[in-house]
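Position chain B against the provided structure of chain A, taking the given hints into account.
Okay, here's what each chain looks like letter by letter:
There are 2 protein chains.
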Amino acid sequence: MKKKEDFSTWLNDIIDRAGILDIRYPIKGTYVWRPYGFKVRANVLRILRGLLDETGHEEVLFPLLIPEEEFMKEAIHVKGFEDEVYWVTHGGLTPLNVKLALRPTSETAIYPMFALWIRSHADMPIKVYQVVNVFRYETKATRPLIRLREITTFKEAHTAHATPEDAERQVEEALSIYKRFFDTLGIPYVVSKRPDWDKFPGADYTIAFDTVLPDGRSLQIGTVHNLGTNFSKTFDILFENTQGEQEHAYQTCYGISDRVIASHIAIHGDDKGLSLMPEIAPVQCVIVPIIFKGREEAVLRAVEKAEKALKGLRVHVDRGEGTPGSKFYHWEMKGVPLRIEIGPRDAEKDTAVLVRRDTGEKKTVPLGDLSGSAAAALREMEASMRKKAEDELKAMITEAATLEEAARILREKGGIIRTVWCGEKECGVEIEEVLNAKLLGTNNESASGPCIHCGGKGRHILHISRSY
Amino acid sequence: MKKKEDFSTWLNDIIDRAGILDIRYPIKGTYVWRPYGFKVRANVLRILRGLLDETGHEEVLFPLLIPEEEFMKEAIHVKGFEDEVYWVTHGGLTPLNVKLALRPTSETAIYPMFALWIRSHADMPIKVYQVVNVFRYETKATRPLIRLREITTFKEAHTAHATPEDAERQVEEALSIYKRFFDTLGIPYVVSKRPDWDKFPGADYTIAFDTVLPDGRSLQIGTVHNLGTNFSKTFDILFENTQGEQEHAYQTCYGISDRVIASHIAIHGDDKGLSLMPEIAPVQCVIVPIIFKGREEAVLRAVEKAEKALKGLRVHVDRGEGTPGSKFYHWEMKGVPLRIEIGPRDAEKDTAVLVRRDTGEKKTVPLGDLSGSAAAALREMEASMRKKAEDELKAMITEAATLEEAARILREKGGIIRTVWCGEKECGVEIEEVLNAKLLGTNNESASGPCIHCGGKGRHILHISRSY
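So the protein lines, in turn, are chains A and B. Read left to right, the first sequence gives residues 1 to 468 (the numbering used here). Read left to right, the second sequence gives residues 1 to 468 (the numbering used here).
One chain only, chain A, in its complex shape (with noise of 0.2 Å):
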């Protein structure tokens, strides 16, 4: 097993081992979900589909392929998205008249629709979301979950709406359901509004959620950008509003992909694996009968007891050949939650030993309160999981009122800078420059002193890391 402080050899390895992903598929930047990993993969799924349904989000599902003519239309949209698309030009053996982008994102999918589903200010808000496979032609280097050509696990949110504060209103709403997916799953973030010149190609702004991996680079794991009318203007999405005058649709949309599965991994996991929060675990309690020659049937009596106590949680009991260690080795390995051992003497005195997997801690505890003990460690996990998450993205936000200060922090810890500017593009790429770094973006917070650059009057609260 490699060890974390190796981190990208590390996340690669544990990926592989626990079964997450197969990483030999032969197309570069594209991987198979093995089972386990699919596991995983759906349990997030099912939070983020209940937080969008709970939202009065509508799932639907829109074609992989878009027609040149469509793709091209937005052209601020193409200039972002052109170096990366893939192009269909052959069915069969027969070039075809019109190429077939493979959907980058399904903006220049979606709205040609929407310009036909909108008639009128009461057929807003539309609020629809996908699940889909993207794909993006990358030519840097490509890592598994965190940078793909294709990502297989892309959640597209699209909206329209009848005036611009009620897309004001759905951004919020957007940006709230990210915080509490983010929480659920214990992935800390930081939110910034993108400078325009990083915003999402044809969005009036774009805000991101940014969390930190163990190296101490961020990942954009979430995304929610006000369109504007910049799209419905280039789609025609015009509606008849209250005053009895057609006028453009205000529209927004947000996004999700792969990576808050490789955040979750990356920050959780340690020397020994994955550890997996109790809500996306597969396996939520594995039960490890231990036992001995001669007294194997009061192990296995209360083994049962302690299954059917734990119905209604993911559990499975393992009653393979092999050591208790190796299998204790195996269980962390795959980041299961709570292990819970029982051996003769607990068998005796109806007791089972319960190890949490995040601090290894061990509590012996009646059988017959099973149920609930476990229940309440799951619990205490999920809590104390987020918390330290949270404790170390804290401590990975570093103010820096100088460059150097700020060069100094990046070269020695990384992370995110707190510093202060003065808003203007020409400091904001020069900072970039200097520092060798990216600007994540503003905060809300209101700001005092000079800019970290031009030392002019500071503006905003800026975050700045080096990123993936």
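Simulated from the structure, these hints should not be mistaken for lab results. Fair warning: there could be bad hints in the mix.
[To be verified] So the derived label-pair ranges between C-beta atoms look like this:
1. A/ILE23 with B/THR163: 26 to 34 Å
2. B/ASP123 with A/PRO324: 22 to 30 Å
3. A/THR89 with B/ALA75: 19 to 27 Å
4. B/MET1 with A/GLU68: 33 to 41 Å
5. B/LYS308 with A/GLU361: 38 to 46 Å
6. B/ARG379 with A/ASN97: 47 to 55 Å
7. A/GLY56 with B/LYS349: 32 to 40 Å
[To be verified] The calculated lysine to any residue pairs, modelled on SDA-like cross-linking and capped at a C-alpha distance of 25 Å, are:
8. B/LYS140 with A/THR94
9. B/LYS308 with A/LEU51
10. A/LYS140 with B/HIS90
11. B/LYS73 with A/ILE27
12. A/LYS79 with B/THR89
13. B/LYS79 with A/ILE461
14. B/LYS308 with A/ASP53
15. A/LYS127 with B/ARG17
16. A/LYS39 with B/THR55
17. A/LYS362 with A/VAL315
18. B/LYS233 with A/ILE27
19. A/LYS99 with A/HIS121
20. B/LYS127 with A/PRO35
21. A/LYS387 with A/LEU313
22. A/LYS327 with B/ALA122
23. A/LYS425 with A/SER448
24. B/LYS311 with A/GLY312
25. A/LYS28 with B/VAL134
26. B/LYS425 with B/ALA75
27. B/LYS99 with A/HIS90
28. B/LYS457 with B/VAL191
Keep in mind it's a predicted model, so treat the numbers as computed, not measured. For every residue, glycine included, the Cβ atom is placed at its ideal position computed from N, Cα and C.
Below, chain B alone, put in the same frame as chain A:
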């Protein structure tokens, strides 16, 4: 609304009108799943996944793209698909070094990984499945849910085994899973072993499920293939057997597509619209309050009571504007199995009127007993919808002893001809030509009497039909 006797127009109309698909997407043979249709699809997939999971299948997810070299390895397989494969040739503005196929099916994506996963007989059986989009450049006329260029809902299972007997048993298990699946959805079927010249490219043999649509043509809705060692030889899937020798793995695969949803709609719908079985209906009961001025309160109290009583079912209360009549019309069109009407007289007497979508049958029941009555009505509906569909299919299977008789039946009534065949390819191909129909294949009953074409010794019961 279109009449069902004009079947093809009716089907497209109801798919559109009921909000299953939007058929206006600007690429031929690709369509948009709208929210209501997506919910039907999700319910169908829930049933299918349940059946696969409980029989030890594990869900996985493979990449969409297949490198040309892998795709081209299995010559017979390639031959079967080369005219209909979409090819990606460019990433951004750059021509790719290796052309990439959009999977038309995933054997050539999955089996190279099986070769890595399988070392010993102890690694098997492997039973995996995925639910994905696949692509076929159809040159025939495309139709929503029936003949697609993007098949959005392709469930493909792939298995590997250490003995041919185990692969045979897997074919039996797959058949039994699909039977339960179609039975649950009320889709009647005929099972046929496809003639050798119509089997899946690369299979030893193919067993297929066909149903008959209201226009008398048959539709293939599921297939099970015994692949023998054809693919394992091509992709070097070798294992050490119990004698310590290297041996090629024995494989099967089996698939289900969007067509099950087409079949359900086509078979159970009528001139009023969809008629969905309760298991897959997004709304199982709609409650329609019948309001008269001045007596609203009593009705709304009764409606709330009804809603509470039906907790556990998927219930919608139509509190919208509009007359009761227009609401009835709307929800009938949407195929909601059970309508519950509550008017002032019902409120007074503490009763409700249940109306079945399939038969229109009405029944007044006490509100206090609504939960039980609704559940019973839904159960009865399931059984009677299933029975009705099975009877209809039976009536569309007709015996014929001569080609003239078969031709007349196909002309006048369509459906499936049941007859006797000698088993010779020559005869089979000529039967297809003479009847302008397709040999669905043979069943495993024993045959007696002469071959319908050559008059020679009959060896098989043969199914023939005009098919989609």
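Going through the hints against the structure:
1. A/ILE23 with B/THR163: 26 to 34 Å: Since the Cβ atoms of A/ILE23 and B/THR163 sit about 31 Å apart, the hinted range of 26 to 34 Å holds.
2. B/ASP123 with A/PRO324: 22 to 30 Å: Cβ of B/ASP123 to Cβ of A/PRO324: about 24 Å, so the range 22 to 30 Å holds.
3. A/THR89 with B/ALA75: 19 to 27 Å: 24 Å, holds
4. B/MET1 with A/GLU68: 33 to 41 Å: Holds, at about 37 Å.
5. B/LYS308 with A/GLU361: 38 to 46 Å: 44 Å, holds
6. B/ARG379 with A/ASN97: 47 to 55 Å: Taking Cβ atoms as reference, B/ARG379 and A/ASN97 lie about 53 Å apart, which means the hint holds.
7. A/GLY56 with B/LYS349: 32 to 40 Å: 37 Å, holds
8. B/LYS140 with A/THR94: Given that 25 Å is the threshold and the Cα spacing comes to 15 Å, the pair holds.
9. B/LYS308 with A/LEU51: Given pair B/LYS308, A/LEU51 holds - Cα atoms ~24 Å apart, limit 25 Å.
10. A/LYS140 with B/HIS90: 17 Å, holds
11. B/LYS73 with A/ILE27: Within the cut-off at roughly 16 Å; holds.
12. A/LYS79 with B/THR89: Holds: A/LYS79 and B/THR89 sit about 20 Å apart, inside 25 Å.
13. B/LYS79 with A/ILE461: With Cα atoms ~62 Å apart, B/LYS79 and A/ILE461 exceed 25 Å; violated.
14. B/LYS308 with A/ASP53: 21 Å, holds
15. A/LYS127 with B/ARG17: 20 Å, holds
16. A/LYS39 with B/THR55: 16 Å, holds
17. A/LYS362 with A/VAL315: Satisfied, since the Cα-Cα distance of roughly 18 Å is no more than 25 Å.
18. B/LYS233 with A/ILE27: 22 Å, holds
19. A/LYS99 with A/HIS121: Roughly 35 Å separates the two Cα atoms, so the pair is violated.
20. B/LYS127 with A/PRO35: Cα-Cα ~10 Å, so holds.
21. A/LYS387 with A/LEU313: With a Cα-Cα distance of about 23 Å, the restraint between A/LYS387 and A/LEU313 holds, given a limit of 25 Å.
22. A/LYS327 with B/ALA122: 19 Å, holds
23. A/LYS425 with A/SER448: 19 Å, holds
24. B/LYS311 with A/GLY312: 21 Å, holds
25. A/LYS28 with B/VAL134: 20 Å, holds
26. B/LYS425 with B/ALA75: At roughly 22 Å apart (the allowed maximum being 25 Å), B/ALA75 and B/LYS425 satisfy the hint.
27. B/LYS99 with A/HIS90: It holds: about 10 Å lies between the C-alpha atoms, which stays within 25 Å.
28. B/LYS457 with B/VAL191: Answer holds: B/LYS457 to B/VAL191 is near 23 Å, not above 25 Å.
The earlier numbered hints that this structure contradicts are 13, 19.
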